[in-house]
Amino acid sequence: MTDAPSPLPSDDAPDRAPGLTAAVRDIVAPLAQLAIAKGMRYPELDELLKGALVEAARQAHADVPLSRVVSRISTATGINRREVTRLTHQASTESSKPRSVVNELYARWSTDPGYLQHGQPMRLPRLGADPSFEGLATSVNKDVRPRSLLDELCRLGMAKVHEDDTVELLQDKFVPSQDERQMFAFLGANVGDHLQAAVHNVMGHGVRTLEQALFTDALSASSVEVIRPKVSAQWQSVVRSLAPEVQSLMDHDKAQQHPQDHRLRIGMYMYAAPLARTPEADEASAPPKKETP
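Everything in the sequence shown is counted per the numbering used here, starting at 1056 for the first residue and increasing by one.
Since the hints were derived computationally from the structure, they do not count as laboratory data. Take these hints with a grain of salt, some might be off.
[As the list claims (entries may be wrong)] As a list, the in silico DMTMM-like pairs of lysine to aspartate or glutamate whose alpha-carbon atoms are at most 20 Å apart:
id, residue 1, residue 2
1, Lys1197, Asp1308
2, Lys1285, Asp1272
3, Lys1215, Asp1185
4, Lys1309, Asp1198
5, Lys1309, Asp1167
Let the sequences and hints guide you as you build the complete structure.
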């Protein structure tokens, strides 16, 4: 006996917003590519999706009495009550993600005017009074030894200790290619918040947030490579402009003992790929066939 096939998703369902199914399909396509490439199979994705649905439904019905919340979540998600109970308990035992001290150190080193020279991160004495790596590390977190932070930066290939006992930041962007776990953390955080911004706007909750793009499908591969460094330069300009002000506001809020209960992520991305070929396009670009008598 085989399971009956699930109905195909469609925008014809009652109360379904037009275009929603197509949008979700576009969103999950790159996720599926990542899962296949990294060996994540369907049962794992299914568990993650069910957990996310339960959490979203719980937040959407936060005012529902505890005695009725499981039934309400089950109705909203289509997941049976037993699974809802299991997933709710599982979510309550998971700890929150800690902030990355290395990330904070990198941000201050690359944006604080006290650690810059001609707009670039200075090579710092490892020890001593500011500006020094020891002073920088202590300003970010007094609970972690500066040597431990330096060792982690060196492990990630982000810093180098020279023979004169100075420390150099090796890269102008924090993309630790030697640490796959950290790269996945950035993937989840950056793409997750980008999607949150877009979903926020579509749902019409509160003030709209910035989420826009410039798009064309009429460039050659060589033209894309002309644009690529210009986009990177624009991002560096944004970072140099905004990061010092963000850091200054963080320091001000801390000094004034304001509740630091909000988070902020500002991002930029570029993606280019060949257009999908169609039989019509292949036929139009093919050389003319010679007729034979």
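To see whether the hints hold, each was checked on the structure:
| no. | hint | in the structure |
| --- | --- | --- |
| 1 | Lys1197 with Asp1308 | holds, 18 Å |
| 2 | Lys1285 with Asp1272 | holds, 18 Å |
| 3 | Lys1215 with Asp1185 | holds, 19 Å |
| 4 | Lys1309 with Asp1198 | holds, 17 Å |
| 5 | Lys1309 with Asp1167 | holds, 16 Å |
Of the hints listed earlier, there is not a single one the structure fails to meet.
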